[in-house]
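*Asks:* Spelled out from the first residue to the last, the chains are:
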Amino acid sequence: MTEPQPHEIPREIDRSHMQVSDEVAIEIASMNKWFGSFHVLRDINMSVNRGERIVICGPSGSGKSTLIRCINRLEEHQSGRIVVDGTELTSDVKNIDKVRSEVGMVFQHFNLFPHLTILENCTLAPIWVRKIPKKDAEETAMHFLEKVKIPEQALKYPGQLSGGQQQRVAIARSLCMRPRIMLFDEPTSALDPEMIKEVLDTMISLAEDGMTMLVVTHEMGFAQAVANRVVFMDQGQIVEQNEPKAFFNNPQSDRTKLFLSQILGH
Amino acid sequence: MAQEYSYVRTEMLPEQEPPSNAIGALVWVRENLFSGPLNTILTLASIAVVWWIVSHMSGWFLNSVWQAGSLAECREILDGATGACFAVITDRWEQLLYGFYPSEFYWRPNLTLLLMLVALAPVLFPGVPRRLFWFSAVYPAIGFWLLWGGSIWPPLVVLAAFPVAFVVYRLLEPVNGILAAVAALVAPVLWWFLFAAPIGGALAAILPGTLEPVASDLFGGFMLSIIIGVTGIALSLPLGILLALGRQSDLIFIKTICVGFIEFIRGVPLITLLFTASLLLNYFLPPGTNFDIILRVVIMVTFFAAAYMAEVIRGGLAALPRGQYEAADALGLDYWRAQRLIILPQALKISIPGIVNTFIGLFKDTTLVVFIGLLDPIGLSNAIRATTEWNGVYWELFVFIGLCFFIFCFGMSRYSMYLERRLKTDHR
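Chains as they are written, first to last, in our numbering: chain A, 1 to 266; chain B, 1 to 428.
Source of the hints: derived by calculation from the structure; they are not laboratory data.
Computed from a prediction, not measured in an experiment: that's the story for all the values here.
Note that beta-carbon positions come from the ideal geometry of N, C-alpha and C, so glycine has one too.
A couple of the hints might just be wrong.
[To be verified] Interface residues of chain A toward chain B, partial, derived using beta-carbon atoms under 10 Å:
hint	residue
1	9
2	11
3	13
4	116
5	119
6	157
7	158
8	162
9	163
10	173
[What the hints assert, rightly or not] From the derived model, a few chain B residues whose C-beta atoms are all more than 12 Å from chain A:
hint	residue
11	95
12	171
13	194
14	214
15	271
16	292
17	320
18	321
19	328
20	341
21	346
[To be verified] Far from chain A, some chain B residues (derived; all Cβ distances over 10 Å):
hint	residue
22	69
23	324
24	327
25	333
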């Protein structure tokens, strides 16, 4: 909403690996969630196949962040089912930890660990959760830091990096756990305009590798170029979902039309 | 006439040295001491006050007498002039340091202190080889043995409860996490009450390793302050961390216990706890148990400091952004790993000033043990004054005691500043 114009997508996208398979990665069935007595998520039904790139958008307070935070149980749902990679999320801590180590998450405010170097940020979870030897973990970390194009910053602390660099480190940190699904919670909302592009670029190359992605974002340019499905939420409900072309050119619901007219500034 | 705003720079300016009237000592003096009329008046007034204090006190220090057998002799030497009688320190410094510890065994507390520095080194400084931690781990038993004497085995066996608890936890963890935690808490208690005495006795029979025992009532002076202070510091930090975490726990039972403990201990004066330790505890303990008075005091001082520590650390925990907890969770770290690797390093770093504040307070509060009849430096100063030779000496003893405390506390303060600098990674 702060951005009247969607960001241009900087380059050609290689779609050869972007394939949606029949395998279900996430299954959400009649899921409801309340904060106290406030009904934030209402009867959410959604199925995500492996390889899908879903952009979730909607006005603030519509529950889109809460929805993806339910998928790795940063928020607890009160009714319905969420099944991630065949593991149902219940209060069983073992299942929660299993899902969390399979699902990567990137936050709006990066949430890097400021007391650890970039490299240590990336190796911490592989070493302590996956029990990978330190040397191998560091190799993996360097591989992904190269992928997000900041290997030379490996020994610095997060505070020494720009916002865009920090967010790319956060992406690399998630990738080091070799997740099968990535969740992005407004990854570019806290960034200056010139840094948004570099983060989007990183996310695009992730999509090109065939990663299953759920992205909460206002970057409609990204949605148009990368997503295979756009989900529009309002008042805790899924109001409309469609493939990007149809979603943007021919929205059905009045709420969607209103939202698009506001966000695209036409 | 329309103004012309259009401008294009064709050449970028190079960097230049600052002008000479912007740097140098004189500039510093002018800017910081005499920058304006008010600043100038304050500077001059401060100089006058400092001069007044120094000129009045210097005579007392400069005329001081260091060699004399009694206060009367001191006065004779001074012959009416103002001067300190530091001869009391020369005469009685051993007592101020060791209390009534037998003088032929002074090497034992000395060695204990030396080994303490070795044991602390890996904890305090990062450059020290990590293997020294093993020494730090067994040091409590060695220190206890050196100071109190007797066989080395009982303290070692008591200390062995911790590895026992660890092994129990590791064995049961795959079965059930909560069961393992409970067992790890129960195991050391069982170990102490059921196995420690027979095993210690058996080992002592095989290999004695015995030192001449020294009773607790002979302990005194700075030795006593350091024993209580250092043990209290070393124990109150982990206990305070556990209490702070417990206070934040979702488990209502643990939370209630921790809040109750913290609020009760903080709400009671330390001196009350010390009286409880010296008098009341005997009523509650089974008859016939003789619970060492220094041990009782250490426990009370530890509880007291831990309650404060818990609140200081809670402040640090509360200062951490929620995102840090969420990022740790999202990476699949379990509660204890998240605490150990992500949350506590940052929360403790934030809390360093408050933690050291509590340490310094604890160390100085050890002088309160004088009220329950232990001979800390203050208690000894009373004892020294009670002799005919030194009846009437106040200032010199207190100056000396104050100076010693100052050195310790200033050292802690400096170390904390060093630690803050070393851990500073946020580059704000």
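*Asks:* It remains to establish, for every hint, whether it holds in the given structure.
*Replies:* Verification of the hints:
1. 9: Interface hint status for residue 9 (chain A): violated (27 Å vs cutoff 10 Å).
2. 11: violated (29 Å)
3. 13: violated (27 Å)
4. 116: holds (8 Å)
5. 119: violated (13 Å)
6. 157: holds (4 Å)
7. 158: holds (8 Å)
8. 162: Status violated, d = 12 Å.
9. 163: violated (14 Å)
10. 173: Check passed: Cβ of residue 173 (chain A) comes within 8 Å of chain B, closer than 10 Å.
11. 95: holds (47 Å)
12. 171: The claim holds: residue 171 (chain B) sits with its nearest Cβ about 19 Å from chain A, beyond 12 Å.
13. 194: holds (33 Å)
14. 214: holds (45 Å)
15. 271: Per Cβ check, residue 271 (chain B) is outside 12 Å of chain A; nearest 39 Å; holds.
16. 292: At roughly 40 Å from the nearest Cβ of chain A, residue 292 (chain B) sits farther out than 12 Å, so the non-interface label holds.
17. 320: Its Cβ does come within 12 Å of chain A, the nearest being 10 Å, so this is violated.
18. 321: Given a closest Cβ separation of 8 Å, the condition is violated.
19. 328: violated (8 Å)
20. 341: Answer for residue 341 (chain B): violated, closest chain A Cβ roughly 6 Å.
21. 346: Given that some Cβ of chain A is not farther than 12 Å from that of residue 346 (chain B), nearest at about 5 Å, it is violated.
22. 69: Correct as stated: the minimum Cβ-Cβ distance to chain A is 59 Å, above 10 Å.
23. 324: violated (6 Å)
24. 327: The claim is violated: residue 327 (chain B) sits with its nearest Cβ about 4 Å from chain A, within 10 Å.
25. 333: violated (6 Å)
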